[in-house]
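**Q** Here is how the chains run, residue by residue.
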Amino acid sequence: MAEAPLFKPKLKVGKPLFGILVFLMYVFLSAPLLIVFIVSFDSNQFLSFPPQGFTFKWYELLPKETTFMNGLRISLIVAPIVTLIVLLIGVPAALALDRFEFKAKGALQSFFLSPLLIPSIVLALGLVLLFSPLRLTNTYAGIVIGHVAITFPFVVRTTLMSLATSDTSCEAAARILGANSWTVFRRITLPIIQPGVIAGGVIAFIVSFDEAVISLFVAESGLPTLPVNVLRYVENQADAAVAALSVILILFSLVVVVIVERVMGLRKALR
Amino acid sequence: MNSTKLSIVDLTKRYAPGLEPAVDRLNMSVEEGHLVALLGPSGCGKTTTLRMVAGLMDPTSGSIVVDGKDITHTPVNKRGMGMVFQSYALFPHMDVAQNVAFGLQMRKVPAKEQAKRVAAALDMVQLGHLAKRKVRELSGGQQQRIALARALVVEPTLLLLDEPLSNLDAKLRETMRTEIRSIQQRTGATTLFVTHDQDEALDMADRIAVMNGGLIEQFGPPTEVYERPNTHFVANFIGQANFLTANVVSENGPATDGERYYKVDIEGLGTFGAVGHPGLTGTHELVIRPQRLQASLHAPLGANSITGTIERVSYTGDTLGFSVRAGERLLHAQLMTSSADMPRQGDTAHLSWEAADAYIIPKTPQGPAS
Ligand SMILES: Nc1ncnc2c1ncn2[C@@H]1O[C@H](COP(=O)(O)OP(=O)(O)OP(=O)(O)O)[C@@H](O)[C@H]1O
Ligand SMILES: [Mg+2]
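Going down the list, the sequences are from chains U and S. If you count by this note's numbering, then the first sequence holds residues 1 to 271, one letter each, in order. If you count by this note's numbering, then the second sequence holds residues 1001 to 1370, one letter each, in order.
Calculated directly from the structure, the hints in this document are not laboratory data. In this text, a Cβ means the ideal position worked out from N, Cα and C, and glycines have one as well. Hints are not guaranteed to be accurate.
Computed list of chain U residues with no C-beta within reach of chain S, every gap over 12 Å [claimed, not checked]:
(1) Leu33
(2) Ile35
(3) Pro51
(4) Leu62
(5) Thr67
(6) Leu87
(7) Ser166
(8) Ser169
(9) Cys170
(10) Ala173
(11) Ile192
(12) Ser253
Cβ pair distances, simulated, as ranges [unchecked claim]:
(13) S:Asp1058 - U:Asp167: 52 to 62 Å
(14) S:Ser1063 - U:Leu116: 44 to 54 Å
(15) U:Ile118 - S:Glu1174: 52 to 62 Å
(16) S:Gly1043 - U:Thr165: 21 to 31 Å
(17) U:Leu129 - S:Glu1020: 22 to 32 Å
(18) U:Arg186 - S:Asp1199: 34 to 44 Å
Model the full assembly from the supplied sequences, consistent with the hints where possible.
**A** Printed below as a string of C-alpha cells:
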C-alpha cells in the first residue's frame, strides 16, 4: 500500500460526511473574515449585517482617521523592535536548551513556554504593577518588554523544532575543518535553522502587531498601539471604518505570509 | 616512512564520575601512512576514542601526540584533522563544491587555488561532474564520497572515519571499501577507521586495534590478529573459532617466528600437538579455525585427530560446514566443496589438524571454559 493517508475515516459512508464536515469547518472559520469583508463596503452608517449599499468611503476615510494612523505608527515601531529583540534572545535560548545538558533544563523549558499558558490579562496586570514604580508605563520600552515576553515562547518553539531535525554532526564537521564557534554559528547553524527562525520572527511580528491586552494595560494613555485604538474607536462609534481597516490588516498579514512562503517555505518551517 | 604519526598514551574517558570509563587507559601508536581500524562490538568506546583524537571531546586523562607534539589541549579547529561521519554531515544548504571548499576557506586559501584543489578532490572521488549539485540530490554513496573529498582536500594531519560504510547497502559497501583504501594509499593519509565489521577491518587495515570494554585487547596486523589472537575475546570476535581447554604437557621444540611447539592434553580426548608463545605452562585455551580442521571419513595417519559424529552439514555453495559432536564438545569444520565423496550427516568423521594451526591463547582463561 503506497502513500497511506494519515487520517482515514473507516466507513465508506463516512467519506462524504467527512467532506461535508471539513467544508463546514472552513465556512465556520472564514465566516467572520467574509462578513468583515462584505461589511467594509457597506454604505450603512453603522456596523450592521446584511449590507444595504456599496461604497468605498470607509477605505477613503482610513488615511484621515488620526486614531488609526497614530496607532499604526506606534505598532509599526513596536513590532519590528519586538521581533528583533525576541529573535536575539529566543534563538540563543533555544540553542542552549537543545545543545547543552544541564540540571534545570526541563524546568527552564517549561518556564520558557509558560507565557503561552498564562492568560495575557494576568501577565498585563503583573507588568503594570512592575512597570509603574520603574516608570516604564506608557513607554516603548514597556510595550516592547511585554510583547517580547509573550512572543518569546513562539520563537523558542519554532527554533527548537528546526534544531531537532538538524544534524549536530554538521557543526562538528565544520569545527574540525577549522571554523571557530562564531563561524560555525553564522555559516552552519543559522542557515540550517533559518526556516524556524524566520517562522518565529513572522509569528512574533504578527502577535505583537495584533496584541491588545498588554498594550492596553501598559500604555493606553501614552502610546496606544493600533489594536488599542481600534478598541477605543469601536467603543465610541460603530461604523464600518473598522471593517475596512480589518480588511487592510488581513491583506497585510496575507502578503507577509505569502512572501515568506515564497522565499523560504513557511509551511515547511512550521511543520 | 615508518615514523610514528600518532601516539595515544593512557587515554581515558569517563563520561561521569562513578561510571565505568568508556575508554580505559588506551595506548596505541600509529605509523605514518597506515590505516588503523578500531574494531569492536557496540559500546566498546570506538567513537569515544575517535572523538577525543578529533578534539570533539576532552579526555578525562592521558594524552594524544601527533608528529611529536602533544595536542591533547589543542582546540578542535586548530588540529587540522579530516573526519567523515557516519551520517556524512554534509552541509545541507551548500552545494557540493561549497561543501568541499569549506575547509579551504577556513584556511584562507586564495580563491583560485581553492577552485583548483576542490576540482582535484572531486576528481579523486570521481564526482567532478556533480560540483554544482545540491547535497540532498545525492545518493548515499555519492554523499559518502563528497564527505571523503571534503575531509581530504585540506590535506589533514589525520583522516578519521567513523563507520563511514554502515549506511550503505552491502554491494556498495564493498566497492567503497576498495575505493577508500585506494584513495587512502594514494594520498598517504594516516587514517583511523572505526568499524564493527571484522571483514572491513581485515580487508582494509594495516593494523587492527581490537577493542572491548574501553580497552585494546590486541593491536597488530590483520594476519596476526586473526592467526595469533591474544585473548579469547579476539579469537571469538574475529572470524569463527573452535575453543578447547588444554593442559600444557611439554614443550616440543622451536616453531617459526620464535614460537614453540607444545604437547597438550585435552581432557577426555588425549594428547595433541599445538603451537604458542615460549614458556607456557598450566591450563590454556586452544583456538582452531574451522577451515584449518580437516574432516574425513578415514582415520588420518597423523596424531592430531578427534573422532565424532556429524550432527549438521551446512552447504553455502563455496564451502561445506560440519558440526561434529565429540563427547560433550561440538566442533565446527569447514571445507571447500568438491565433487569428491563428502561426509554426510550421521557419519562418523575424523577431524584433524596441523600442530601449527592449533594456537594456544597465551592468557589463562578466567574460569573453566566450555
Ligand atoms: N554522552 C555520553 N554520556 C554517557 N555515556 C556515554 C556517552 N556517549 C557514549 N557513552 C557510553 O560510552 C561507551 C562507549 O560509547 P561509544 O559511542 O564510544 O561506543 P562505540 O564503540 O562507538 O559503539 P557503536 O559501535 O555502537 O557506535 C558506551 O557504553 C556508551 O554507553
Ligand atoms: Mg560509534
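**Q** Against the structure shown, which of the earlier numbered hints fail to hold, in ascending order?
**A** 7, 8, 9, 10, 11, 13 and 17
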